[in-house]
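**Student:** Please arrange chain B on chain A, whose structure you already have, making use of the hints.
Sequence order for the protein chains is A and B. Its first residue numbered 156, the first sequence is counted upward by one per residue in the working numbering. Its first residue numbered 156, the second sequence is counted upward by one per residue in the working numbering.
These are calculated hints, taken from the structure and not from any lab test. Please read all numbers here as calculations on a predicted model, not as lab measurements. Where hints are given, some of them may not hold.
[What the hints assert, rightly or not] When the alpha-carbon atoms are kept at most 30 Å apart in a straight line, the in silico DSSO-like pairs for lysine-lysine are as follows: (1) A/Lys219 with A/Lys202; (2) B/Lys161 with A/Lys193; (3) B/Lys219 with B/Lys276; (4) A/Lys161 with B/Lys276.
[Unchecked claim] Simulated DEER-style distance windows between Cβ atoms: (5) A/Pro177 with B/Asp299: 35 to 45 Å; (6) A/Tyr217 with B/Asp332: 36 to 46 Å; (7) A/Pro171 with B/Gln205: 33 to 43 Å; (8) B/Lys202 with A/Asn191: 26 to 36 Å.
Note that beta-carbon positions come from the ideal geometry of N, C-alpha and C, so glycine has one too.
Residues per chain, in single letters:
2 protein chains.
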Amino acid sequence: MNFCSKCGAQVTLRIPPEDDRPRHVCDRCGTIHYENPKMVVGCIAEKNGQILLCRRAIQPGYGKWTLPAGYMENNETVYEGTRREAWEEAGATIQDLTPFALVNLSFISQVYLMFRARLVKTNFTSGGESLEIRLFEEAHIPWDQLAFPVIRETLRLYCADRPRGAFSFHVCDLHADGRVG
Amino acid sequence: MNFCSKCGAQVTLRIPPEDDRPRHVCDRCGTIHYENPKMVVGCIAEKNGQILLCRRAIQPGYGKWTLPAGYMENNETVYEGTRREAWEEAGATIQDLTPFALVNLSFISQVYLMFRARLVKTNFTSGGESLEIRLFEEAHIPWDQLAFPVIRETLRLYCADRPRGAFSFHVCDLHADGRVG
Chain A
156 MNFCSKCGAQ VTLRIPPEDD RPRHVCDRCG TIHYENPKMV VGCIAEKNGQ ILLCRRAIQP
216 GYGKWTLPAG YMENNETVYE GTRREAWEEA GATIQDLTPF ALVNLSFISQ VYLMFRARLV
276 KTNFTSGGES LEIRLFEEAH IPWDQLAFPV IRETLRLYCA DRPRGAFSFH VCDLHADGRV
336 G
Chain B
156 MNFCSKCGAQ VTLRIPPEDD RPRHVCDRCG TIHYENPKMV VGCIAEKNGQ ILLCRRAIQP
216 GYGKWTLPAG YMENNETVYE GTRREAWEEA GATIQDLTPF ALVNLSFISQ VYLMFRARLV
276 KTNFTSGGES LEIRLFEEAH IPWDQLAFPV IRETLRLYCA DRPRGAFSFH VCDLHADGRV
336 G
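Just chain A, with the same shape it has in the complex (with noise of 0.2 Å):
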């Protein structure tokens, strides 16, 4: 950030009074320009105990396999959010949703919040964000093709509490490191 959205002017990177860290502040009108983590939400959608994955057409992860999740758009909630990223990349209705996994992504200021659901219908078409929507047994889960690792965490989870017949809430931290916490 260079310049202040509401004046034009040039901002400062300094700590405002009564603040403890750094923000981007206008030298003109005084505008402090706070930034804050970004959630991005999606589901592990269930039919007939296959899930549903997409084989993404734009980067990062081109070509890979990856959950239907997107960033929270404003005005919307967050059932609202998981149900738009399902229709937008896989042309998928789902129901249900239930909260499932909840992974910090803190070095790079991302919360992702993952809903298991059920899928009602998809027409495995996607608008151009996934080249490929498929249902996936657990078994053939193509775990060494996954765009990123909050989906293979999640993934992890789902696939560890699922002989079960129950699923948690989780919460957890992903490193940039690929480490869990």
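**Tutor:** Positioned in the frame of chain A, the structure of chain B alone reads:
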């Protein structure tokens, strides 16, 4: 938003190619400025059956009671943010954080994530954000002097779960008119 924070030129509100909603786009450098919901993290801190409330020293809600909560900062986890807010607003050290409620406030693009926590200790001082810190028995919660509907709803869910001796993870929507859905 009027100006590009990257290059300082004017921005226009328009729908970028392959997008489906208006964004502030820079007419000069082409940067698309996405805006996303903010996460607020906070806690119900318990000690000997009592819970910690803070009386706000700032607007909005000056003089009213609230749970320690605030915007997540970049590069922190939801746990770190919750502990920081408990410290900043109540001089409180907390442990054993358990996710308790996620409240969508989509009309103001906020997501509240509230934890239950064990209050280890508090120095009952707050560094200026609170007028007063106090531990309340459930029967003495000042329901008519709470600062925000989201705090009231969080405490209502907590008091509803409590007699069962077990707490669920709740997801709900709070609307502009105060209705919970």
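**Student:** Next step is simple, just say for each hint if it's right about the structure.
**Tutor:** Hint by hint, here is what the structure shows:
1. Taken as a hint, the A/Lys219 and A/Lys202 pair is honoured in the structure, with Cα atoms around 22 Å apart against an allowance of 30 Å.
2. Between B/Lys161 and A/Lys193, the direct Cα distance comes to roughly 19 Å. Compliance with the 30 Å bound is thereby established for this hinted pair.
3. Using a Cα cut-off of 30 Å, the hinted pair B/Lys219 and B/Lys276 holds, with the two alpha carbons roughly 22 Å apart.
4. Between A/Lys161 and B/Lys276 the CA atoms are separated by roughly 42 Å; this puts the pair beyond 30 Å, and the hint is violated.
5. For A/Pro177 paired with B/Asp299, a C-beta distance near 40 Å keeps the hint of 35 to 45 Å intact.
6. As the Cβ distance of A/Tyr217 to B/Asp332 is approximately 45 Å, the hint placing it in 36 to 46 Å holds.
7. At roughly 35 Å, the beta-carbon separation of A/Pro171 and B/Gln205 lies within the given 33 to 43 Å, and the hint holds.
8. The hinted window of 26 to 36 Å between B/Lys202 and A/Asn191 holds, with their beta carbons roughly 30 Å apart.
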